[in-house]
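**Student:** Spelled out from the first residue to the last, the chains are:
Number of protein chains: 2
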Amino acid sequence: MSKRLIPNIVTLANLFFGITSLWLTMESQYKEAAVAILFAMVLDGMDGRLARRLHVTSDFGKELDSLSDLVSFGVAPALLTYGSILNTIGYWGLLIAIIFALCGAIRLARFNVLNIKTHFVGVLITICGPLMAIFVLLSNRLPLEFYVIMSIVLSYLMVSNIKVPKY
Amino acid sequence: MSKRLIPNIVTLANLFFGITSLWLTMESQYKEAAVAILFAMVLDGMDGRLARRLHVTSDFGKELDSLSDLVSFGVAPALLTYGSILNTIGYWGLLIAIIFALCGAIRLARFNVLNIKTHFVGVLITICGPLMAIFVLLSNRLPLEFYVIMSIVLSYLMVSNIKVPKY
Chain A
1 MSKRLIPNIV TLANLFFGIT SLWLTMESQY KEAAVAILFA MVLDGMDGRL
51 ARRLHVTSDF GKELDSLSDL VSFGVAPALL TYGSILNTIG YWGLLIAIIF
101 ALCGAIRLAR FNVLNIKTHF VGVLITICGP LMAIFVLLSN RLPLEFYVIM
151 SIVLSYLMVS NIKVPKY
Chain B
1001 MSKRLIPNIV TLANLFFGIT SLWLTMESQY KEAAVAILFA MVLDGMDGRL
1051 ARRLHVTSDF GKELDSLSDL VSFGVAPALL TYGSILNTIG YWGLLIAIIF
1101 ALCGAIRLAR FNVLNIKTHF VGVLITICGP LMAIFVLLSN RLPLEFYVIM
1151 SIVLSYLMVS NIKVPKY
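Protein sequence lines correspond, in order, to chains A and B.
Following the working numbering, the numbering of the first sequence begins with 1 at its first residue and continues without gaps.
Following the working numbering, the numbering of the second sequence begins with 1001 at its first residue and continues without gaps.
Simulated from the structure, these hints should not be mistaken for lab results.
Errors might be hidden in some of the hints.
Taking beta-carbon pairs under 7 Å as the criterion, some of the chain B residues facing chain A (in silico) [unchecked claim]:
id: 1; residue: M1026
id: 2; residue: V1071
id: 3; residue: A1109
id: 4; residue: V1113
Listed below are the simulated BS3-like cross-link pairs for lysine-lysine, each with C-alpha atoms no more than 27 Å apart in a straight line [to be verified]:
id: 5; chain 1: B; residue 1: K1117; chain 2: A; residue 2: K62
id: 6; chain 1: B; residue 1: K1062; chain 2: A; residue 2: K62
id: 7; chain 1: B; residue 1: K1166; chain 2: B; residue 2: K1117
id: 8; chain 1: A; residue 1: K166; chain 2: B; residue 2: K1062
id: 9; chain 1: A; residue 1: K117; chain 2: B; residue 2: K1062
id: 10; chain 1: B; residue 1: K1163; chain 2: B; residue 2: K1062
id: 11; chain 1: B; residue 1: K1166; chain 2: A; residue 2: K62
id: 12; chain 1: B; residue 1: K1062; chain 2: B; residue 2: K1117
id: 13; chain 1: A; residue 1: K166; chain 2: A; residue 2: K117
id: 14; chain 1: A; residue 1: K163; chain 2: A; residue 2: K117
id: 15; chain 1: A; residue 1: K62; chain 2: A; residue 2: K117
id: 16; chain 1: A; residue 1: K163; chain 2: B; residue 2: K1062
id: 17; chain 1: B; residue 1: K1062; chain 2: B; residue 2: K1003
id: 18; chain 1: B; residue 1: K1166; chain 2: B; residue 2: K1062
id: 19; chain 1: A; residue 1: K3; chain 2: A; residue 2: K117
id: 20; chain 1: B; residue 1: K1163; chain 2: A; residue 2: K62
id: 21; chain 1: B; residue 1: K1117; chain 2: B; residue 2: K1163
id: 22; chain 1: A; residue 1: K62; chain 2: A; residue 2: K163
Nothing here was measured: the structure is a model prediction, and the numbers come from that model.
Backbone N, C-alpha and C define an ideal beta-carbon position, used for all residues, glycine too.
Working from the sequences, and respecting the hints, build out all of it.
**Tutor:** Here it is in structure tokens:
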């Protein structure tokens, strides 16, 4: 197998877990859906590093990474949070969840275009999505209001102009 | 409102219908979920033309379009087909559905990188996704085997090297 393929397979595995999370949410298995997002997060932390270590970074890989991130850290956490918690406030809850995913998409599109080397503009979707998944895992300890506020705050932080240092 | 924003708002509306389709699939409202994908298709046909007509095409818009397309025409039709039909064959059905979405992601990433002006390489996800939605609308007239075969065939066509003329 060409070593060029390895990081892309890891990225596709990230997307695989994102879609699996959506399926688990459909099946009302919310804790498992949250864990799938955390698995996707681990894989997302690996693909870029692997590509750089193997000297096989590519534009194709970057595009695939972005696409996977929207599903695993935008759409999957949004529908998980709606399905498990925000649905108690009906359409308002759905709207808040969808806005989270839309802001994630704006964040990703902007990130690909800006291509600044020194820092990120706006908080990363790869931080906000897993955070929502962790909050869902703590759902018996946190009130509904927390989820409403956190969804809105994280949505805002993703599209804000806050500078986040690269590490 | 800046006219620069208009096409991007249409693209976000495409994504909005994609996520709405996933939510409707979660609620077992399969016909409505299929219609949501067709709404997304109509919007997807508008954003690029609108951007060109208003002379506001942008890299940001293209990235946002790709991201939205994966959700509306890759992930949403995949989970709709699984939820409404392919779940009768269990995990095999889920695997076939996920492969459809993964092939869609590969197609989109490749499309953005190749950037060929004269033709497309591989059948467009924006054709394959709505086709699956239409098949779901016809689900009382078509056998299970049809969905299994079509999912696999369309997955292959998206990642194939078939030349599709631009029109």
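**Student:** Next step is simple, just say for each hint if it's right about the structure.
**Tutor:** Tested hints:
Here the hint on M1026 of chain B is kept, as its CB sits about 5 Å from the closest CB of chain A, short of 7 Å. Hint status for V1071 of chain B: holds, given a least beta-carbon distance of 6 Å to chain A, under 7 Å. For A1109 of chain B, the suggested interface contact is upheld, since its CB lies about 4 Å from the closest CB of chain A, less than 7 Å. With 7 Å as the threshold, the beta carbon of V1113 of chain B comes within range of chain A, its nearest partner Cβ sitting at about 5 Å, so the hint holds.
Restraint check for K1117 of chain B and K62 of chain A: the C-alpha separation of about 21 Å stays at or below 27 Å, so the hint holds. The hinted pair formed by K1062 of chain B and K62 of chain A meets the criterion: a straight-line CA distance of about 15 Å does not exceed 27 Å. Straight-line distance between C-alpha atoms of K1166 of chain B and K1117 of chain B comes to about 8 Å, which keeps the hinted pair within the 27 Å bound. A threshold of 27 Å between alpha carbons decides the hint, and for K166 of chain A with K1062 of chain B the separation of about 25 Å falls inside it, so the pair holds.
This hinted pair checks out: K117 of chain A and K1062 of chain B have alpha carbons roughly 21 Å apart, not beyond 27 Å. The hinted pair formed by K1163 of chain B and K1062 of chain B meets the criterion: a straight-line CA distance of about 21 Å does not exceed 27 Å. A C-alpha spacing of about 25 Å is found between K1166 of chain B and K62 of chain A, which places the hinted pair at or below 27 Å, so the restraint holds. Straight-line distance between C-alpha atoms of K1062 of chain B and K1117 of chain B comes to about 15 Å, which keeps the hinted pair within the 27 Å bound.
Between K166 of chain A and K117 of chain A, the direct Cα distance comes to roughly 8 Å. Compliance with the 27 Å bound is thereby established for this hinted pair. Distance check on the hinted pair: K163 of chain A and K117 of chain A sit about 12 Å apart at the alpha-carbon level, within 27 Å; holds. For the hint linking K62 of chain A to K117 of chain A, the alpha-carbon distance of about 15 Å falls within 27 Å, and the restraint holds. In summary, the hint linking K163 of chain A to K1062 of chain B is supported, as the alpha carbons are separated by about 24 Å, within the 27 Å threshold.
Note on K1062 of chain B and K1003 of chain B: the hinted pairing holds, with a Cα-Cα distance of about 16 Å set against a maximum of 27 Å. At roughly 17 Å between alpha-carbon atoms, K1166 of chain B and K1062 of chain B fall within 27 Å of each other, so this suggested pair holds. A threshold of 27 Å between alpha carbons decides the hint, and for K3 of chain A with K117 of chain A the separation of about 26 Å falls inside it, so the pair holds. With a C-alpha separation of about 24 Å, the suggested pair K1163 of chain B and K62 of chain A falls inside the 27 Å cut-off, and the hint holds.
For the hint pairing K1117 of chain B with K1163 of chain B, the CA-to-CA distance comes to about 12 Å; that is within 27 Å, so the pair holds. Distance hint between K62 of chain A and K163 of chain A is fulfilled; the C-alpha atoms sit about 21 Å from each other, no more than 27 Å.
In summary, the structure agrees with every hint in the numbered list given earlier.
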